[in-house]
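Number of protein chains: 4
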Amino acid sequence: MSTTDRQLRVGMVGYAFMGAAHSQAWRTVNRVYDLPARARMALICGRDAGKVADAADRLGWEAYTTDWRDLIASDGIDVVDICTPGDSHAEIAIAALAAGKHVLCEKPLANTVAEARSMAAAAATAQAAGVRSMCGFNYRRVPAVAMMRQLVADGRLGVIRHVRATYLQDWIVDPQFPLVWRLQRDRAGSGALGDIGAHIIDLTQYVTGRRITGVSAVTETFVRERPLPAGSSGLAATVDGGAANGSAVDGGGADGHHPATGAVTVDDAAVFVARLDGGVLATYEASRFATGRKNALRVEINGSLGTVAFDLERLNELEFYDASRPAAEQGFSRILVTEGEHPYMSAWWPPGHLIGYEHSFTHQMRDFVEAVATGVDPAPSFADGLQVQLVLDAVTRSAELGSSWTEVEPALATVAA
Amino acid sequence: MSTTDRQLRVGMVGYAFMGAAHSQAWRTVNRVYDLPARARMALICGRDAGKVADAADRLGWEAYTTDWRDLIASDGIDVVDICTPGDSHAEIAIAALAAGKHVLCEKPLANTVAEARSMAAAAATAQAAGVRSMCGFNYRRVPAVAMMRQLVADGRLGVIRHVRATYLQDWIVDPQFPLVWRLQRDRAGSGALGDIGAHIIDLTQYVTGRRITGVSAVTETFVRERPLPAGSSGLAATVDGGAANGSAVDGGGADGHHPATGAVTVDDAAVFVARLDGGVLATYEASRFATGRKNALRVEINGSLGTVAFDLERLNELEFYDASRPAAEQGFSRILVTEGEHPYMSAWWPPGHLIGYEHSFTHQMRDFVEAVATGVDPAPSFADGLQVQLVLDAVTRSAELGSSWTEVEPALATVAA
Amino acid sequence: MSTTDRQLRVGMVGYAFMGAAHSQAWRTVNRVYDLPARARMALICGRDAGKVADAADRLGWEAYTTDWRDLIASDGIDVVDICTPGDSHAEIAIAALAAGKHVLCEKPLANTVAEARSMAAAAATAQAAGVRSMCGFNYRRVPAVAMMRQLVADGRLGVIRHVRATYLQDWIVDPQFPLVWRLQRDRAGSGALGDIGAHIIDLTQYVTGRRITGVSAVTETFVRERPLPAGSSGLAATVDGGAANGSAVDGGGADGHHPATGAVTVDDAAVFVARLDGGVLATYEASRFATGRKNALRVEINGSLGTVAFDLERLNELEFYDASRPAAEQGFSRILVTEGEHPYMSAWWPPGHLIGYEHSFTHQMRDFVEAVATGVDPAPSFADGLQVQLVLDAVTRSAELGSSWTEVEPALATVAA
Amino acid sequence: MSTTDRQLRVGMVGYAFMGAAHSQAWRTVNRVYDLPARARMALICGRDAGKVADAADRLGWEAYTTDWRDLIASDGIDVVDICTPGDSHAEIAIAALAAGKHVLCEKPLANTVAEARSMAAAAATAQAAGVRSMCGFNYRRVPAVAMMRQLVADGRLGVIRHVRATYLQDWIVDPQFPLVWRLQRDRAGSGALGDIGAHIIDLTQYVTGRRITGVSAVTETFVRERPLPAGSSGLAATVDGGAANGSAVDGGGADGHHPATGAVTVDDAAVFVARLDGGVLATYEASRFATGRKNALRVEINGSLGTVAFDLERLNELEFYDASRPAAEQGFSRILVTEGEHPYMSAWWPPGHLIGYEHSFTHQMRDFVEAVATGVDPAPSFADGLQVQLVLDAVTRSAELGSSWTEVEPALATVAA
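Residue numbers (the UniProt record's numbering), protein chains in the order written: chain A, 1 to 417; chain B, 1 to 417; chain C, 1 to 417; chain D, 1 to 417.
Hints in this document: simulated from the structure, not taken from any laboratory. Just so you know, even glycine gets a beta-carbon here, dropped at the ideal spot from N, CA and C. Hints may contain errors.
[Unchecked claim] Residues on chain D that point at chain C, a partial pick, calculated with CB under 10 Å:
no., residue
1, Pro175
2, Val271
3, Arg275
4, Ala290
Chain A extracted, bound-state conformation (with noise of 0.2 Å):
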């Protein structure tokens, strides 16, 4: 932190559960990183004054409003975090970019493509202008990620020809768990498709430096009605008559009162078979309804020279098969991703000694900063999160009509990355 007296300053809007990741991170990069500029956590938003209050305090920010507008009008800040659900997103990024703030938006970028159009064209005026905006996948940057893209750059693993990714988790399975805003089609946009489907999607073309190009897929809904929830935190939420996470509940309770229940308007998984361009063929699927996997995204990537393979429930790891080393020598090699010579490792600890799921929005925010301060564009851009976007609705579109091959919409030529 000695290197600079440049400081950038911080509005977040959001302050759950990727607010307090986001904080974690904000806190943290300047004191890993030497960087250009320094943030400082000067301002944080949200509707409840007193909540908000306490998230000031807790999370370590100077000061608190309750109106984003406040917050973009603000003179004393120069990016504005964007951790809301999806579908307050295009509004506050807009203004945002056009008060001339810098944006990091939170994955996805929204809950429509018409939504995303208007903000990849948004971030594109305002770049003209020198305001960055970057689209918060996370999971670029964890490191074991970032060294899959460069194997597969580097020529590592050849002509590529298959990815296989999944994303499941199982804190949905019990029928009991209420309706959060996460299967409310409203607030969300989509269910597993674009809370953990866009992850994969978005991961699988950075790696492989190809954007998906048609699908075909099917989408489901297990539990089609859900008691009204009483409160939640994070990924976990109560009922009125009690907690209801991955243990079942008697929504009556002893009085026989029953909850009110409400419609799952969102999907509980997503499986689709794709083609990226170059050849290579494709599955996905994204689930909430995997008993027993937590935060099972999985990758695998198999080309005619090699194979790439990732856990993010083993995020320190990556397992690497080189088809050009002997015959009887060749295996899946575990690196553990933790040398100072793998990406944003050498400002940790020694080797061997792990990061958690909360570096990668350190590592993101070391990037944003970086990109900022040296007027350069951070990716993922905008117009990445625009392209991910048709992609979850050429899924969305497939479904509807009987799984047949859907072509993803291409982005405006304006807007590409």
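Given the coordinates of chain A, work out where chains B, C and D should sit on it, guided by the hints.
This is chains B, C and D only, laid out in the frame that chain A set:
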């Protein structure tokens, strides 16, 4: 072996990879299990007199013949074991059943639905006369697979939500690997789909007790032209210019001679999304282009109460997640399926002493001999084999029709299992 | 952080690897946990004014000093956190306790039994005046380790029979790796034994609730002469001629200059057999010469009813074998220790989202702050640190006496934990 | 089998667990490998006429006898295969060699050093007359183990620093498991030490090409009194009151009858630190009390250039860490040792198709038959078996002498391998 003098005299057609595996099983089955009949390796059949004589001597068959019709006509044969490529299954099996021989036929049952339908009809007719038939999906007899079925049948997984099945190999990644019979539609029927995809179709239906009702599929042939083969053994083969199994060869050789090439007429990979009855959502992938995956048949089944996961490259292990355990203790248990309590295992070695690939055939022969000797129908039946063929057919049709959703045609009621 | 205005003003001595890890924990602890006091990073101490000023700025300390005596004398400090090499622990800690400061001292407690004994005595005296002390065996606070202890305490393992503990690293395999302070007896006390062996001694005694009573040991220094260091950072270092961390260097360089060398005066590896009270048979190994093992602290504990196994390179996982389950279902369960039900985890991310190495320090600070603020003694105490030192001493003596069985000297009753 | 009419007529003594394993290997060896002689299963010997007749029939032996002296005296026998408990090895083997029979003797070679020395002397005498002898350390013939040896021999591990070997089982954890012959010193010689410890002693010396020169040891008998057995099979057994294999039994039963008990006269577990020539530091542990570990022979060898790790519960895999690879790509490669390039594997199935425990015996018979038929000495020799016995003896003596360092007595020069 001391409990009976009853014999089942076996005549086997074919002596390549499958013939060797079956021979090992026939030699072993009565040495390990107490059975109501003894299998006698009476006769082996192959077209090349010299080679089949060698095979008889090496593999332990009492006699040989070069004409399968002689084998079927022989009074000295009770069981016909068909280990030839798929294009000859129907003719041999139907003739054998007509001659009153019990038949064990390697999978896939046939190369076409029409053939499979004829075979299933012949089996139904023969059954009325007490003649038994079985399709050789040997992986059902891997102890861990049998245990998965038992867990599902006992309700331990609750409501099944997802099936996730891949069968990945890499033996033709090299474009110079020659055009062996398994790459020719007229001999093999299809490529990865029928060869290894058939295994995961049967296995997942067997384990879940549910049938695939519809599919959406894509198939791909990555390498469409290959050198003609000089010879082959198992899954290895040579071209004119030299060996080609996992390593690049210069087909031309020192003299600039280029081997003649031919068209690959089967799929290299097949991927499909499926639904099974009871609301199960499933993904399947069969590929011979997954570098580093040698024989990676992997299946995971998620239910509302638990999950099982299996990997043929670790066939002595089963992973079981039991969501009914206390929350803090839930995890995937790596069960070493080598205890006397596990299916088929009490006859083998002490706990922790592994078995191999070939044991699945020994177990298959145990069940076949026991069924025939006690006068019951073994499973999987020819009708089961037909049903798998109908799924393969639906996959092929869906792939030809832009991945559109394609229902699996029902087998006739008269041959349903 | 909203629940209290009470502060604990921390002064930290040392700012290298351990200082950075402790700083990350002090910065984070009140952001994640609700505690009865807030840690304030008041003062940091180091001998080099320029470097400590930089460290204060980077790591987030309010002020710095170059004399630890000033830090101890300061009225503005409540807690002294000692992160220096072992040779200075005793002097600083005893002075701090005498000055009425609560003390957190990194492990090993001291370089000699005599020093450790003085420190434990000082801690006992201070304790009577309400001054708290703690020895920093941070791995006790890895959630999976805390869970192991709970399983043992709950009787889930039955009668403990075996402990099997290794702590393997490989950062000095290269004979050209320079003679850093950790390889010098006067600074470090011992080599692998005290640095990493101390961790597995403490951890296994903590988890089992039993003390090592006797040992038979061998120690080894494979490379007895090394180049003198030019600089170091974490566990990496350079020699005059260039970098040397895992790769061979030509110490001479292009000009034929050979760096000066010095004698390695500590062990590279220490192995010993031990007995713990209650009839437990144990093996321990600490080595810096285990090529490929970066930070492989592995512990397995076998009891009559079950087994637990832990690997620090997969610190979010615990393997638990429960022999009370049905025979056919017994297996090692891989528990992902990321549930809200697991120790320390409810404050972090949703299930399946990993934590890293540094979190063990945050958890340590949580327990330390809570203990100090509520007026109870934190664990491990200095008496516990002394007891580990007595085991280290027994190991050293046994190794010097031809591995003969050597009893661990008891700590004085007055300082027993 | 077509290449020769030469026969080796085998007579086997014993028909329990080892007899069954050897029979499977004798039945299979010429079916899989082309060898210069055919093994003929001519004669089996056991004391109980009824049982040995059954065994002959089941296991495939042409004839049986109840007196091993008849077997040795027979003109129809070329090879004597000794599968009895260790107390009878010396008498049978020495007589067989004197009668000019080639001998394959199960490990450990004998129960005492004196017996082993006599056997090695007899083997040396017989060798001069062209009579061959071999000690049955079958795990040398696991392909992954043979590959480890090759890697070491090729210098791929550099200077060997550490050996870490455990052989863990759990079949007598239950105190009610009965007092079978393996728990009686007069029959078995020692307990875990000679039964499974002998395997890891031989295996690590074989792989490294180095001999253990000294040890410091502790042995333990956790359960000193056990019920007398009613019957046993493999490693399972029953007491008067019922089955006892991994599950607690009430020895008394409903009628209050308590089974008679006897003293366990062997070790349950043996642990020792060792040095091998060339400066290698090693740890060994053999135990039958490691709950959940069924047949966990695990070996890791660290050298200056690499590491290999092996686990018999995953015997088709070898982990190899090659420190000569680029720093960012170093990792433990899981090599599936099923390629045609791997030792013994070209004769089996295609890559990725596993072999099991019994195959190590088939490979052993292959090497034995080839050596005998071509007139060379097979390995391991009786002298090698003696050397292992000398290590076992040093372990026992060290344990009796307070773990003091104990040199391994050299074998006589005349019988050195």
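Verification of the hints:
| no. | hint | result |
| --- | --- | --- |
| 1 | Pro175 | 8 Å, holds |
| 2 | Val271 | 5 Å, holds |
| 3 | Arg275 | 7 Å, holds |
| 4 | Ala290 | 5 Å, holds |
In the structure shown, no violation is registered for any of the earlier numbered hints.
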